[in-house]
Amino acid sequence: MAAMMRRPEPDRTNVALLRPLLHTGQGFYFFAVALLIPAAWFVYAWYLQLIRGLGLTSMRTPVGAPWGAYIANFVFFVGLAHGGIAIAAAIRLLNLTKYTPVARIGEVLTIISLMMAGVSITIDMGRPDRIFNIIIYWPQRVGTSSLSWDVTVIIIYFTLSTLYLWLTMRKDLVLCAKRFPKLSWFYKILLIGYKPDEEHKIERMAWWLSIAIVFLIVMLSGGVVPWIFGLLPSQPGWFSALAGPYFLTAAIGSAIAAVIVVSGVLRKLFNWQEYIKPEIFKGLGTFLGIITLFYIYLILAEQLTMRYAAPLSEFLISEKLFQGEFAPIFWPMLLLGFFTPAIILVSQAIHPQWFGVTRTILASGAIVVAFWVKRFLIVVPSLLRPLLPFPEGSYSPSWVEWSIVAGIIASAILLYTLFLKVFPIVELGEE
Amino acid sequence: MIDLLLRLTDFVIPANAIAAEVSDRQTMSGNIGFIVLAIIVGPVIILTIASMLGHPRTFRIPGLFIGSMILLISAIISSFAAAGMLLKLIIPQ
Chain A
1 MAAMMRRPEP DRTNVALLRP LLHTGQGFYF FAVALLIPAA WFVYAWYLQL
51 IRGLGLTSMR TPVGAPWGAY IANFVFFVGL AHGGIAIAAA IRLLNLTKYT
101 PVARIGEVLT IISLMMAGVS ITIDMGRPDR IFNIIIYWPQ RVGTSSLSWD
151 VTVIIIYFTL STLYLWLTMR KDLVLCAKRF PKLSWFYKIL LIGYKPDEEH
201 KIERMAWWLS IAIVFLIVML SGGVVPWIFG LLPSQPGWFS ALAGPYFLTA
251 AIGSAIAAVI VVSGVLRKLF NWQEYIKPEI FKGLGTFLGI ITLFYIYLIL
301 AEQLTMRYAA PLSEFLISEK LFQGEFAPIF WPMLLLGFFT PAIILVSQAI
351 HPQWFGVTRT ILASGAIVVA FWVKRFLIVV PSLLRPLLPF PEGSYSPSWV
401 EWSIVAGIIA SAILLYTLFL KVFPIVELGE E
Chain B
1 MIDLLLRLTD FVIPANAIAA EVSDRQTMSG NIGFIVLAII VGPVIILTIA
51 SMLGHPRTFR IPGLFIGSMI LLISAIISSF AAAGMLLKLI IPQ
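Residue numbers (this note's numbering), protein chains in the order written: chain A, 1 to 431; chain B, 1 to 93.
Isolated chain B (complex conformation) (with noise of 0.2 Å):
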């Protein structure tokens, strides 16, 4: 039964590569990658801010979480840098 079932299941081969290729055609024309992000980055960065205003009116705190924030990030993004050019000591090339 289930030799059967692959046989047929050749038919459907083709319905899904023609689905993918119309799927991928429509998500390289409309970079949806930029709406999903502003979806989700968006409301994090209003949230954030409006973490940072407020009583009590304070400059400290929010400049130290600014500060923090970008060096976090920035040590995240020399972390990959940093991993990539050790691997490259160990993986032959």
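If we strip away everything but chain A, and leave its shape as in the complex, we get (with noise of 0.2 Å):
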């Protein structure tokens, strides 16, 4: 009884979750300002990337990096992109109902995500206007090709992904529809087709694709983008087995500490702790911990073997890392990023009167930013070192790339926080 009573009543739970589209203070009005400046930034730094050429920005060939901070930028997203819906098959294949409140969440971020790797990539591109000929050479690439692979898979995993939140949203949509008579033609477009009792389907639908997605992602992350790398035997420091399931715990580590952040600005910012309970915040910290602690067990697995008595080319990229130019950032990035972000969620798991909701925001914080920086000491390092006998590069982004790069975060904080102002963020309940 006492249980019943604590529970929110239907409707004052949909009006508190449809908050963000019921209420538009000034707040809103001044984060979206802030976020709009570095977006238009970055069309005038990619405007001028595109009328000058990659010359602006700082990778060079043969001697330096051909690729940089925009690939780096690239793997991360398509790393977020991969763990976000993997939260929300994971909640829809095993019964996590608990954590229902994030599965949209994880799936909104996902398809962002998607998103933001793709204008990342177009960006790194030299001649971005061929674009087109990805498709038109698409049947003589696809064989030998791992970037035709890419492009086929991110194709397949966006569409399946985008469907599977539209057929999961439809039931809130008819709820938004009735009470958004302003948007509400928006809404009938998007439910094209519906009935009240189609709820059953989908879910039968959504429980089947969530296998697919979890298989893509397992493929994708742990698959086709890592072997761009991994397959490469004449680049030392990338051509390795241990690729793809590198990139898979990175990808699921570093989606599930964007989840976490996410969910906690949301929960702070719409008055959510009712809905976003600490369970969820204890429950994916706890999760998050392990596989940062897995993640660390790669890297010595990966520094082991690149030290003790590999090729002197892979010695080397290691030694740029240990104690070469990248040590500053790779130091910082293994002891405050992974290290100590896993040690404080592990303990909170193993001590529970040590969780604290905002220590794990943070902690997953800084992952998600150590996560990114890992992806730079990924791409940059090995290609310094040239193959050829030319002299060794060195490569720091340059204002361009970082306008860009920043550009490209601020533009997808800005399609999250359209996309809560259109759509419930997290699954309303019946009325």
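If you're looking for bench data, these hints aren't it; they were derived computationally from the structure. No experiment lies behind these values; they were computed from the predicted model shown. Even for Gly, the Cβ is constructed at its ideal location relative to N, Cα and C. You may find that some hints are simply not true.
[What the hints assert, rightly or not] Only some residues are given here: those of chain A computed to face chain B with a beta carbon under 10 Å:
1. TRP149
2. ILE202
3. ILE211
4. VAL224
5. LEU304
6. TYR308
Reconstruct the complex from the two isolated chains, following the hints.
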């Protein structure tokens, strides 16, 4: 009886969960403008890069790094994209109903991250005006090019993820269409062919699609994306059968960390303490801590292989990280970005009295940043050591690259914010 | 020490280059990409079909799903073409 009294009524719950759609305060406009400024600056920086070429970046060949911050950004966003919807799929497949409030937060993160990954890779292209050649020459290239596999699988993954979100959101769109007459035309388009009895069929389809999505995540984040690097025998530091599990672990870790951060921010902003409960942060935080520790183990395994009796070129890449030019980034990343947050998160699981939502969010935030840095350290140091007798190069992103990377991140947050203003980010109850 | 190692590493380069050449030849002749994609896309197609079959036997939602999938993939491909055309106007040719 007491539990029933504590449970919020459906209508009150829905009003609370629709708060981002119902209220638009001054803070929203300030936030939107704060994001629009770097986004506009990114468009300007990209325009400059388009008309003057990649010479505006610090990427150089044959001396220097032909890939840099853009590719690191691409791998980072692909990783975020995979873990986000993995949480939603796991909730459905394993019946983890406790985590349902964060399912859609992960699904939306997936779709926006995939878009940003696409933008990052397009910007890295020397001639992005030839982008349609990817489609035109697909039949000739797909047999041998791992980049073609990437495009194919990412398009399939984006399509399935978007349709999964659309199907599972239709029930809530009916409520939105009733509550927000101004936007009802838009909701009605998305509700095409809707009938109230479709819920059961959608549940069944979503269950099977969850399996397909989990499979795609493994094959994409643990397959075709790491194979861009891991299949290159001539590239010390990349050529490794470990690349798949390495990238997959990073993808799941970074995405869970991002879901924790986004859920924490939304919980605070919209007073959703009642709906996104501390147990969710505790569970996800513990899992993240374990995943991060496992990732540290993979770093150890990789570095040991590179330093024990590997070809000298491998050892020299490892040296760059341990005591070379990348040491000032590598060690803080490892100790402050991975190790300390992982210990905090695992300690909270062992000693429940140490648990704190804010601490979990901060630790997760540090892990998100560390995973971006790690992608940078995967991409760049290997490329600086030339395979032909050229002098060794150096790479530090130019202002254009930083502007574009910052602008892409700002655009991702802006898109997420816009989604919040139009769609319910947490599954609504019956009304 | 590092300088010495850097000089020594030049000996490793030919081996790497040969390894790359052999690897390329194997990949080219095998068209391994079709096998890779079949392994990835095959199960996804089977699972997607499985999602549409079974109870309740209605073809309205699966129909909508297929229609939307075709629409979305077409939109993505069209956006590649549109982006290419738009960028041609900006990038000096």
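In ascending order, which of the hints set out earlier in this document are inconsistent with the structure?
Hints 5 and 6 not satisfied by this model.
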